[in-house]
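Chemist: Now for the letters of each chain:
There are 2 protein chains.
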Amino acid sequence: MASGKNPARERVIKAASHLFYMEGIRSVSMDAIAERAGVTKKTLYYHFTSKDELIAAHLAQRDQPNLAAFSMWLAEAEGLLPERIEHFFERMASAASHPKWKGCGFQRTTAELANAPGHPARRIGAAHKKKVEQWLEDELRGAGIAEAAPLARQISVLIDGAFASMLVHRDPGYARTAGMAARTLVETALRA
Amino acid sequence: MASGKNPARERVIKAASHLFYMEGIRSVSMDAIAERAGVTKKTLYYHFTSKDELIAAHLAQRDQPNLAAFSMWLAEAEGLLPERIEHFFERMASAASHPKWKGCGFQRTTAELANAPGHPARRIGAAHKKKVEQWLEDELRGAGIAEAAPLARQISVLIDGAFASMLVHRDPGYARTAGMAARTLVETALRA
DNA sequence: GTCTATAAGCCGATAGAC
DNA sequence: GTCTATCGGCTTATAGAC
Numbered sequence: 001m002a003s004g005k006n007p008a009r010e011r012v013i014k015a016a017s018h019l020f021y022m023e024g025i026r027s028v029s030m031d032a033i034a035e036r037a038g039v040t041k042k043t044l045y046y047h048f049t050s051k052d053e054l055i056a057a058h059l060a061q062r063d064q065p066n067l068a069a070f071s072m073w074l075a076e077a078e079g080l081l082p083e084r085i086e087h088f089f090e091r092m093a094s095a096a097s098h099p100k101w102k103g104c105g106f107q108r109t110t111a112e113l114a115n116a117p118g119h120p121a122r123r124i125g126a127a128h129k130k131k132v133e134q135w136l137e138d139e140l141r142g143a144g145i146a147e148a149a150p151l152a153r154q155i156s157v158l159i160d161g162a163f164a165s166m167l168v169h170r171d172p173g174y175a176r177t178a179g180m181a182a183r184t185l186v187e188t189a190l191r192a
Numbered sequence: 001m002a003s004g005k006n007p008a009r010e011r012v013i014k015a016a017s018h019l020f021y022m023e024g025i026r027s028v029s030m031d032a033i034a035e036r037a038g039v040t041k042k043t044l045y046y047h048f049t050s051k052d053e054l055i056a057a058h059l060a061q062r063d064q065p066n067l068a069a070f071s072m073w074l075a076e077a078e079g080l081l082p083e084r085i086e087h088f089f090e091r092m093a094s095a096a097s098h099p100k101w102k103g104c105g106f107q108r109t110t111a112e113l114a115n116a117p118g119h120p121a122r123r124i125g126a127a128h129k130k131k132v133e134q135w136l137e138d139e140l141r142g143a144g145i146a147e148a149a150p151l152a153r154q155i156s157v158l159i160d161g162a163f164a165s166m167l168v169h170r171d172p173g174y175a176r177t178a179g180m181a182a183r184t185l186v187e188t189a190l191r192a
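Those sequence lines, one after another, are chains F and A.
The opening position of the first sequence corresponds to residue 1 in the numbering used here, with each subsequent residue numbered one higher.
The opening position of the second sequence corresponds to residue 1 in the numbering used here, with each subsequent residue numbered one higher.
Simulated from the structure, these hints should not be mistaken for lab results.
Note that the coordinates shown come from a computational prediction; the quantities given were computed from them, not determined experimentally.
If chains are identical, the list can't say which one is meant, so a pair holds when it fits in one copy or spans any two.
DMTMM-like cross-link-like pairs, simulated, lysine to aspartate or glutamate; straight-line CA separation at most 20 Å: (1) Lys14 <-> Glu53; (2) Lys130 <-> Asp171; (3) Lys102 <-> Glu90; (4) Lys51 <-> Glu35; (5) Lys51 <-> Glu23; (6) Lys131 <-> Asp171; (7) Lys51 <-> Glu10.
Let the hints inform the model, and build the full structure from the sequences given.
Modeler: Next up, the structure:
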């Protein structure tokens with residue numbers, strides 16, 4: 001479905017994704033998306049019946065790549081679990097150091113749609129974060145942590161806290177702060 | 001109209017504050033604010049030269065009450081520091097249980113203004129979070145923690161992570177998750 | 001309360017593929 | 001011939017600002 005079979009549709013999602021992440025949801029117009037995608041608004045509304053649907057499609061497309069990046073950041077790390085977790089947060093910090101970085105798209109979209117709890121994009125965002133949590137739980141259990149679920153939840157809270165703090169203060173150092181906390185929590189769990 | 005004890009400017013800020021928090025920044029119009037405040041748009045633009053200025057004023061007004069609430073949540077707690085910190089997060093959870101709760105206004109405003117790093121409201125938001133961090137540091141040091149600064153930073157990341165996670169999943173339980181993590185971190189620091 | 005700009009969404013028509 | 005994907009222009013509502 002999302003293969004190269006539909007150039008225009010793909011270009012629209014790509015354009016929307018870029019603009020939504022860079023500018024925010026509500027400040028981006030459908031006209032701007034159409035222009036950037038190189039299609040007319042008629043084509044845009046042929047593929048997406050509303051802006052809300054396009055917002056959801058944009059987040060849906062970011063789901064897997066995001067999970068893959070997270071997975072890689074942990075997989076590439078060497079050493080024992082505490083060091084590997086800390087490396088993960090170090091990678092968050094370096095990602096946030098890029099000048100175009102503007103926080104977590106899922107979190108920002110959720111914040112901007114706080115008045116629309118049933119919005120399709122909200123569901124996709126929540127599902128994405130749950131997947132992160134589940135992935136963490138599997139990794140922790142695989143590394144020998146017995147009570148993996150609560151620790152995975154705690155680390156996922158630290159991840160989102162790092163995203164939020166780095167954006168507020170424009171300081172990647174907060175990911176390292178979160179990493180130290182996560183390391184302490186993992187070490188404590190390993191001792192139990 | 002009904003001025004006197006309730007000056008127009010105050011009513012405008014109060015109306016804006018309510019609408020911005022409930023609906024988000026960009027989805028609230030100046031007309032809606034004027035209507036809710038019971039003033040004409042002429043009066044509104046007499047007190048605030050732009051919407052951006054009003055956004056900043058709204059956050060500035062929330063700064064002190066927010067800090068006061070945080071302070072109370074910790075002050076009212078009994079027991080030792082780890083229990084008191086956990087109580088703080090429990091109070092976050094109960095605040096988030098109210099049906100009208102929609103996350104942290106500072107965090108959501110920052111997210112919505114992610115494309116405007118120099119926006120006055122961004123500076124006020126960042127300053128507010130720094131004050132929270134500083135207040136935590138003072139409290140921790142007062143409770144006998146030597147290296148209070150890094151721990152305060154870690155707990156502030158947990159606070160923002162709790163705000164973000166509770167909003168995404170619409171589940172106050174994430175504040176308790178953050179509370180357990182914070183408790184572990186405090187206990188570890190106390191042992192050092 | 002008026003102005004100007006711009007937002008989201010809609011419509012009839014059409015060229016090429018099957 | 002029908003179907004699919006595309007195009008340009010238009011309507012109505014509402015935005016911020018004075």
